[in-house]
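J.: This is what each chain is made of:
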Amino acid sequence: MKNFLFLIFLNLFTINISMANSFCTTPNSRIDMQNVSQICQGILENSVCKDVPKNKVKKCDEENRSLNSSWDYIQGCAKGALDSISDILEFISDVMKWVWEGVTGQKDWGAMTEKGLGFGESSLLYLKTEYYRSYEKESEPFRETKAVMSMGEHISNLIITKINQYLSKEYEVFDQCLNNEAKAQLTCKFLGNFFLPPAAALAFLKYGKRAFTEYRGLEKGAEDVKKLFPSKESVLIERKPKILSRDQLDKEYIHFQATTTAENTAWIERARKSELGSFVEVENGALKRLNDQLGDKNLVTGLTNLHKDYLFERIDLFTKKYPGLKISKYSDFKSSRFSFEPKLTAAQWEELNLLIKESNLEFAKKVRELNLHPKLKSDKIETWFSSGFGETADQAGVAARESRNVARLNNDHPISSIDFKMIKGKVAEHAISIEEKRFMLVADFSKTEAGRKLLETVPGTDQKVFSREVFEALRKGDDQAISILDKKYGVKLDKVQQESLLSYYHGVDKLAPGIWIPERVVANLDDAVAGGFSADFAGMGAANIEQVAKDLATHKGSVDDLIASIRKGEEHVTREFESKKSLFNSQVQETMEKMGEKSIVKCSGDDCVSLVRTSLNIKKKKEIIGDLMMKTSPSSMRLSFIPPGIPKALRSKIAVAGEMIEKDLRKSVTNLSSNGIPPEKMKNVMLALDMPKGVKGDQVNLVIGMKGRDLLTQREIEILKQSFADSIRKLRGEIDYGDGIVPNYQPGQIIIVRK
Amino acid sequence: MTEANGLGDWILLEKKDSSLVYSIDKKSETLLAFQKSPLEKKKKYDSKISKELEVAKKRVLELAGIKDWKITHRQNSSHRMEWIGSYTNGNHEHIYFFEVHYISKDQVEVQYLLTSRQPLSGLLLVQVRDQEREIEK
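For the record, the sequence lines run as chains A and B.
For reference, each letter of the first sequence is one residue, going 305 to 1059 in our numbering.
For reference, each letter of the second sequence is one residue, going 3 to 139 in our numbering.
Please note that a few of the clues may not be correct.
FRET-style restraints, in silico, Cβ to Cβ [unchecked claim]: (1) Val57(B) / Glu573(A): 55 to 63 angstroms; (2) Arg119(B) / Gln1003(A): 38 to 46 angstroms; (3) Lys647(A) / Lys18(B): 56 to 64 angstroms; (4) Gln784(A) / Lys18(B): 43 to 51 angstroms; (5) Gln1003(A) / Thr90(B): 45 to 53 angstroms; (6) Arg61(B) / Arg672(A): 54 to 62 angstroms; (7) Leu629(A) / Arg119(B): 54 to 62 angstroms; (8) Lys28(B) / Pro951(A): 25 to 33 angstroms; (9) Arg82(B) / Asn1048(A): 47 to 55 angstroms; (10) Val57(B) / Glu666(A): 57 to 65 angstroms; (11) Gln784(A) / Pro40(B): 56 to 64 angstroms.
Some residues of chain B that are not near chain A, with every Cβ distance over 10 angstroms (derived) [what the hints assert, rightly or not]: (12) Asp70; (13) His75; (14) Ser79; (15) Glu84; (16) Asp132; (17) Gln133; (18) Glu134; (19) Lys139.
Hints were generated in silico from the structure; no laboratory data involved.
Glycine included, every Cβ here is placed at the ideal spot set by N, Cα and C.
The following block holds chain A by itself, in its conformation from the complex (with noise of 0.2 angstroms):
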């Protein structure tokens, strides 16, 4: 249904431009425009617009075409919100319906059962071959939607003018006085309280205001509505929805985007440019652990969000109390940025880190009453974003960071926000103490063979500094990591060493630059219908920790340089997983072109889904897995394919329950002793799961790629064989689908993939 709102914002959005085109050009239309204005100014200054916000009220002199200015609106209200296209086909064809009735008089399709049984009633065939043919001839982005667009097009126009004539009768302001984003930003609250759902929708167009007796949903979106219109007051009141359930936390942020596109470019814009600024950074420091423990990308996603809604509120009070000031917004899956112009006084400063304080409290109050997650109970949830100010956005992210660090050494008691000019000194001379532990650290590791193995020297440079693996495994927490140097690697650290090793890392993290992604993509398997796979690219984070090091070990100057030099790093970085993805992309792509299949592929941060039109059988998802392992590197990725069949809001969580499994199984085998696989070779098996539809009982089967036909032996291959049985006894009680569904997985078949 959210796919048909994003239709009629588009038709409204095209109506107008259409509407002012044909004004301005009709040669017969002599309109006096002196005299139009002079009506219009009119109007504005009496009774009814004197209450509108400056900002909301129409200019006399503006065109029509002025819309654009709220196209970024509509587009950031609509995008995100793809949901179900088969609501959409069923209610053009409920509408369809409703004109039968008038047409033909008949109470319904199945009234004239001896003229004709079904003969109105295969309309919707006719949608359904119509909506598939044009999506076939579509491209991204919004395929759906577009694909849809030429049958909708029709009964938007009827939505949208059954809106327009009620919202123009009901409120005069709205014709009278609001410029067209504002009655942009109306008409799709409208919708969004109205419109769902779709009988409610089909209520209204059939009769109007009657119909908020049939439904009061109407008649509480009416008097939502009366509330939107603005005046003085209106603008404050809390637009948040009230979030009770987790169904509704779903529908309502799993897709929010607190920005457009186009801000967040704009902020990336202001945060390259070199001259000093006011930033603020706020970040959700306790993403990773909430992925990991609670198994529920979604969930996270959903909270991150909700907070995010939250913390922009205020700033947006904070920016309309000080109308001077120019903001630039920035909004991704873990962090939100401002940056505002000019510079922020002391006492402004002070003001938003209490509002940054506020929300965080607000927010864990609410997480804690909506009660989603036992694991949620004890946490300390107003410690999960940590916020931190600086003169350039990077400067920000190591305040937020440090942020973050000074809550952890304080046992998780929330902090104010870090402002980078007082910690300056201690960056400087954290930069000198990283430094020094790396020294000896690598003298200590050159010692031994197993050492060395995971030592490597930057480019240009007689500097060693750690590898990657090094980097990946203290990124599983301090004490795995250890275990995983000592049994993986065969790297035994005394405890001066341990503390030495994570007081490094922990010392690198501080500096890891922030990730700055303008167009944030949601890549779920939600519309998975007939099932797909999910690809999680192991390593991203460690690699931009790496290359920090590198950057650490290199550097030569003031600590303003190394942040600055640190920022070329990460986009280095970027650009080798960009390219990762990219390489994902065009390989499924092909392999499904060489079956004859075909495939949507959506990637975000640091993993990619491919949706699949028809579900996919072993032979195809062994071809699959057989390509992807010869382009890539095996083990940088982690693969879960789901069947068809699954519902919708258990689709990503089924492949993430496969994610975790390829996790731990990868860790329990990988290590030196002779019931484990040496990390050289697993750097080139590939495990993907093949998940079940069922939970209960149900049997996950485990595809072992190997890149080269003789490359683990009958006995490794037990080896992987057994730690899956445990892997997937491990997985029980670590994962709760929500609404009571608890898998109870059975360790399936073993496939074999040589290549």
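Add chain B to chain A, keeping to what the hints say.
T.: Quick look at chain B alone, frame taken from chain A:
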């Protein structure tokens, strides 16, 4: 256009409740949508579909961007109705259709619609009719 050799070659695009959508070829040139609904009691068709109902159907299809819908060939009986015709879709393409309604032995009403950018060959219609029982399963 690739013509279907059997159900196995068709690409299933959608399967929901009692409706199915197939692409007969790989480029969705020719599509088949299928639906079945239970009958409450034994029914039979009135083989004379009135002109008014055809006009009504044409009108509701226009709401979905389908214009100039017309039947060019009819074959109606008390248990089976078939129409061949054409229309112009919302993307201004000329489309040929084959719409079938029949009451099956299992007392369900089955309706399916074959649409294509290409004129529908006799062979294709025969093949689609041959697959009716397969799809019903």
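J.: Now, for every hint given, state plainly whether the structure supports it.
T.: Hints and how they fare:
no., hint, in the structure
1, Val57(B) / Glu573(A): 55 to 63 angstroms, "holds, 58 angstroms"
2, Arg119(B) / Gln1003(A): 38 to 46 angstroms, "holds, 44 angstroms"
3, Lys647(A) / Lys18(B): 56 to 64 angstroms, "holds, 57 angstroms"
4, Gln784(A) / Lys18(B): 43 to 51 angstroms, "holds, 45 angstroms"
5, Gln1003(A) / Thr90(B): 45 to 53 angstroms, "holds, 51 angstroms"
6, Arg61(B) / Arg672(A): 54 to 62 angstroms, "holds, 56 angstroms"
7, Leu629(A) / Arg119(B): 54 to 62 angstroms, "holds, 57 angstroms"
8, Lys28(B) / Pro951(A): 25 to 33 angstroms, "holds, 29 angstroms"
9, Arg82(B) / Asn1048(A): 47 to 55 angstroms, "holds, 49 angstroms"
10, Val57(B) / Glu666(A): 57 to 65 angstroms, "holds, 59 angstroms"
11, Gln784(A) / Pro40(B): 56 to 64 angstroms, "holds, 58 angstroms"
12, Asp70, "holds, 13 angstroms"
13, His75, "holds, 16 angstroms"
14, Ser79, "holds, 12 angstroms"
15, Glu84, "holds, 12 angstroms"
16, Asp132, "holds, 20 angstroms"
17, Gln133, "holds, 16 angstroms"
18, Glu134, "holds, 15 angstroms"
19, Lys139, "holds, 17 angstroms"
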